[in-house]
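Enquirer: Chains as they are written, first to last, in my numbering: chain A, 1 to 199; chain B, 1 to 199.
Treat the hints loosely; a few may be bogus.
Which copy is meant is left open, because identical chains are indistinguishable; a pair holds if it fits in one copy or across any two.
[Claimed, not checked] Subject to a maximum C-alpha distance of 20 Å in a straight line, what follows is the list of computed SDA-like cross-link-like pairs (lysine to any residue):
hint	residue 1	residue 2
1	Lys-167	Gly-138
2	Lys-17	Leu-49
3	Lys-24	Thr-186
4	Lys-54	Glu-13
5	Lys-159	Arg-131
6	Lys-54	Met-36
7	Lys-54	Gln-42
8	Lys-17	Ser-37
9	Lys-17	Asp-46
10	Lys-54	Thr-169
11	Lys-159	Thr-43
12	Lys-162	Thr-82
13	Lys-162	Pro-120
14	Lys-159	Met-122
15	Lys-167	His-80
16	Lys-17	Gly-165
17	Lys-126	Tyr-57
18	Lys-17	Thr-186
Everything labelled a hint here was simulated from the structure, so no lab data went into it.
Protein chains: 2
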Amino acid sequence: MDNTALPLVLLAEQFAKLPGIGMKSAQRLAYHVMTMSDEDAQTFADSILNAHSKVTYCEVCKNFTENELCPICSDEDRDHSTICVVEAPRDITAFERTREYKGVYHVLHGLLSPMDGITPDMIRIKELLARIQSGEIGEVIMATNPTVEGEATAMYISKLLKPLGVKVTRLAFGLPVGGIVEYADTVTLFKALENRNEM
Amino acid sequence: MDNTALPLVLLAEQFAKLPGIGMKSAQRLAYHVMTMSDEDAQTFADSILNAHSKVTYCEVCKNFTENELCPICSDEDRDHSTICVVEAPRDITAFERTREYKGVYHVLHGLLSPMDGITPDMIRIKELLARIQSGEIGEVIMATNPTVEGEATAMYISKLLKPLGVKVTRLAFGLPVGGIVEYADTVTLFKALENRNEM
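Chain A with its partners taken away, still in its complex shape:
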């Protein structure tokens, strides 16, 4: 892009840093921004900063939220005795799409991965233990991805929780092994939830 205007090159580089966007797509997106109205470009830029500055972690489940508690944790109609443990906030969106799960969540914000130096104290495991020790939790569903790291994390947490007398279950392997929770279709995800097994 030697002869391309510098601000366009810089914008394309920003797009190329996003997951799943290569350099050609990034250039295409940068050119698209040039066709936006001034107002639309301002709205786009503002929405990035707004999302980044106004959204924090729910005090209970660590999902992203604008308030102290996320809408799920502050919803009295949900079953607060069942906790579904997920890797990332995007996985909650996937479960909510099934419209079948009525419990609450806990977001780990990562998976154990000794190869990458991710140890238990670097993800939200102690916050999960604190929730369970505070009582009234009947079941913990481990809903991490069926990958090496996801399985290891589920096993590790399961071993920590069993001495506390809480029932720990795992999503059924309706999910294709090596797959990603976020991209599972709704029916598969619902089956996986329905056929969950005690660990």
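Position chain B against the provided structure of chain A, taking the given hints into account.
Expert: Just chain B now, kept in the frame of chain A:
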């Protein structure tokens, strides 16, 4: 995304407006923004506004540029008597990648499309005529996409230019018919340039 924080939903909606990005990818990108540092998010937002506010049209060829003239039009080593007419600035990037074309460009910023109500006065045709009437143009290469609109636009412009005594050529159909200039590989594009035919 009923239970997702509103600023995240709004950001995902912004991403979903970009070409080639569906709602699931848009959500993924929005979640990715949350993992950026404050500084990175600021840089991303700034680069959108910078590209939008600092980049304007080259006075001669109508490509995007930060200055009055784009780097190609202000380059004395280029052959200013040969004009390659393209639909959009992104097509220039594709030709420059071949490193074989030494002439200059003219960006139409659109193609004729009576179905969509795009008439000759809505794209940069009269600016092209003005350049040719100002003299010293030996050849005009029509490099619009080999689609219905691209062909029609090339034919229309060719008929306008011939009475002016200028040689008008068309990219060779090395390009797959129905394809897009922007995504053509470098060799195909070079062949198409090399085998261009007089119209």
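Enquirer: It remains to establish, for every hint, whether it holds in the given structure.
Expert: Here's how the hints hold up against the structure:
no.	hint	in the structure
1	Lys-167 to Gly-138	within (6 Å within a copy, 81 Å between copies)
2	Lys-17 to Leu-49	both (17 Å within a copy, 17 Å between copies)
3	Lys-24 to Thr-186	between (32 Å within a copy, 13 Å between copies)
4	Lys-54 to Glu-13	between (25 Å within a copy, 17 Å between copies)
5	Lys-159 to Arg-131	within (16 Å within a copy, 76 Å between copies)
6	Lys-54 to Met-36	between (25 Å within a copy, 14 Å between copies)
7	Lys-54 to Gln-42	both (17 Å within a copy, 14 Å between copies)
8	Lys-17 to Ser-37	between (24 Å within a copy, 13 Å between copies)
9	Lys-17 to Asp-46	both (19 Å within a copy, 15 Å between copies)
10	Lys-54 to Thr-169	neither (34 Å within a copy, 56 Å between copies)
11	Lys-159 to Thr-43	neither (47 Å within a copy, 43 Å between copies)
12	Lys-162 to Thr-82	within (15 Å within a copy, 77 Å between copies)
13	Lys-162 to Pro-120	within (17 Å within a copy, 74 Å between copies)
14	Lys-159 to Met-122	within (18 Å within a copy, 68 Å between copies)
15	Lys-167 to His-80	within (14 Å within a copy, 77 Å between copies)
16	Lys-17 to Gly-165	neither (44 Å within a copy, 49 Å between copies)
17	Lys-126 to Tyr-57	within (15 Å within a copy, 56 Å between copies)
18	Lys-17 to Thr-186	neither (29 Å within a copy, 24 Å between copies)
Taken one by one, the earlier hints fail for this structure at numbers 10, 11, 16, 18, listed in ascending order.
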